[in-house]
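Each chain is listed here by its residues.
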Amino acid sequence: AQKVTQAQTEISVVEKEDVTLDCVYETRDTTYYLFWYKQPPSGELVFLIRRNSFDEQNEISGRYSWNFQKSTSSFNFTITASQVVDSAVYFCALSEAGEGDDKIIFGKGTRLHILP
Amino acid sequence: EAQVTQNPRYLITVTGKKLTVTCSQNMNHEYMSWYRQDPGLGLRQIYYSMNVEVTDKGDVPEGYKVSRKEKRNFPLILESPSPNQTSLYFCASSPWPGPGGGYTFGSGTRLTVV
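Chains as they are written, first to last, in this note's numbering: chain U, 20 to 135; chain E, 474 to 587.
Just so you know, these hints were derived from the structure itself, not from any lab.
Idealized CB from N, CA, C, for every residue including glycine.
What you were told as hints is all true, and nothing was included just to trick you.
Each pair of labels, with its calculated beta carbon distance range:
| # | chain 1 | residue 1 | chain 2 | residue 2 | range |
| --- | --- | --- | --- | --- | --- |
| 1 | U | 80 | E | 500 | 21 to 27 Å |
| 2 | U | 134 | E | 556 | 35 to 41 Å |
| 3 | U | 134 | E | 485 | 32 to 38 Å |
| 4 | U | 61 | E | 552 | 26 to 32 Å |
| 5 | U | 35 | E | 495 | 38 to 44 Å |
| 6 | U | 43 | E | 514 | 16 to 22 Å |
| 7 | U | 20 | E | 495 | 30 to 36 Å |
| 8 | U | 76 | E | 553 | 46 to 52 Å |
| 9 | E | 490 | U | 30 | 38 to 44 Å |
| 10 | U | 100 | E | 552 | 48 to 54 Å |
| 11 | U | 35 | E | 529 | 44 to 50 Å |
| 12 | E | 534 | U | 47 | 23 to 29 Å |
| 13 | E | 580 | U | 99 | 26 to 32 Å |
So that you can see chain E by itself, here it is in the shape it has in the complex:
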């Protein structure tokens, strides 16, 4: 089944403890992206990647890192999480070099930082 798999689905962590949210897609998509969703603010892009080893900042990259060492994987790294990073996170991939082909989203990761 064609899908984007995010893990974990739910995570509660403490301030400052490094964490990684994994994202993997099995559709051979070149483009991948991370979004966060917050009440009243909607979906905002954190980082995106047009291809392996090519990543760039989105609208809200502060406090996050990403890497794209393989086409299928695009992990989101929070080196020192803070409470303002409590959010619902989505990974997405697109079949085109850019997002115009439409996103397939992962199921989301609900992160709470205390």
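Looking at chain U on its own, in the form it has when it is part of the complex:
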């Protein structure tokens, strides 16, 4: 069965610090997709990144970077030089390409507080 675990319920860091949000997933499929979404205080869900299981290259987008490691079933998200606007709940998610391809399973989310 597919499962996504975000062990960090809540994190607080001071502005300009780097912060890593952990995500561990479980799946029996060899083809699957991983995602990160951001939910700012306004409540909407914003897509950040999508990765397929065959692409283990790390990705960098500005201050955001993602580390995908199949060996440890992890897809961690790092924010470099954090800013107050990064304060949000961040969700890691998984979609299988095979039998479980009817949904995206979300982790419970990590609430990130960036303190000025």
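Given the coordinates of chain U, work out where chain E should sit on it, guided by the hints.
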């Protein structure tokens, strides 16, 4: 602008009074889905649709109905709302036949049933 539009954004209703939350997407996406978000429980799928006239239950379908008569619209119907359906609801669409292409979410509907 490519988007998923949900209405209303906020709704307070009374137990038993039928309501519909509308969802419309302008991206010609085949796959659409409804989720509810509750504190401590995260996001849970209610129903999904792979295409017109094709719908199926998600993890928490009880008390909800959906229809997909047109590709762009996927309304969520609560025939007899109850207080345990108080939640934040999201509609989502995906460019693939399934959700693997990633979701575009609507802005959410905060429903309170009293």
